[in-house]
Amino acid sequence: MEKHETHTDYNLSVAFKLTFARFVNSSIVPVVVNISVTDWFNDGGLVTIFFYIMLSISFVDPFLYAADPFYFIRMFKRYIERRRGAHSIKT
Numbered sequence: 834m835e836k837h838e839t840h841t842d843y844n845l846s847v848a849f850k851l852t853f854a855r856f857v858n859s860s861i862v863p864v865v866v867n868i869s870v871t872d873w874f875n876d877g878g879l880v881t882i883f884f885y886i887m888l889s890i891s892f893v894d895p896f897l898y899a900a901d902p903f904y905f906i907r908m909f910k911r912y913i914e915r916r917r918g919a920h921s922i923k924t
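Here our numbering is used: the first residue of the sequence shown is 834, the next is one more, and so on.
Heads up, a few of these hints could be off.
Straight line, CA to CA, 25 Å or less: simulated DMTMM-like cross-link-like pairs of lysine to aspartate or glutamate [to be verified]:
hint : residue 1 : residue 2
1    : LYS910    : GLU838
2    : LYS850    : ASP872
3    : LYS850    : GLU914
4    : LYS850    : GLU838
Label-pair distances were calculated between CB atoms; the ranges are [claimed, not checked]:
hint : residue 1 : residue 2 : range
5    : ARG916    : VAL880    : 48 to 58 Å
6    : PRO863    : GLY918    : 54 to 64 Å
7    : VAL880    : VAL857    : 15 to 25 Å
8    : PHE903    : PHE853    : 39 to 49 Å
For the record, the hints were derived by calculation from the structure and aren't laboratory data.
Cβ coordinates follow ideal geometry from the N, Cα and C atoms, glycine included.
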């Protein structure tokens, strides 16, 4: 079990592991899955798979980060509690 002295060490460890896992999932796994395929450049081949992976990493992930549904749910709950005013149990 890992024991980190500081939160920074912990965060660096998590970031390294996530980066390594993303690298393996987005680059090594597709190559291993398509190792026997000879037509990497045809439709549905390895190049197409890499294109969609890079498209997803470049556009979908940042969009989902910016449009976090849980953030909007929290903001809506805060709005409801503020509207209740003195009757709110949270304020």
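Status of the hints after comparison with the structure:
1. LYS910 x GLU838: violated, 36 Å
2. LYS850 x ASP872: With Cα atoms ~33 Å apart, LYS850 and ASP872 exceed 25 Å; violated.
3. LYS850 x GLU914: violated, 39 Å
4. LYS850 x GLU838: With a Cα-Cα distance of about 18 Å, the restraint between LYS850 and GLU838 holds, given a limit of 25 Å.
5. ARG916 x VAL880: 48 to 58 Å: Because 54 Å falls inside the window, the suggested range holds.
6. PRO863 x GLY918: 54 to 64 Å: holds, 55 Å
7. VAL880 x VAL857: 15 to 25 Å: holds, 19 Å
8. PHE903 x PHE853: 39 to 49 Å: violated, 26 Å
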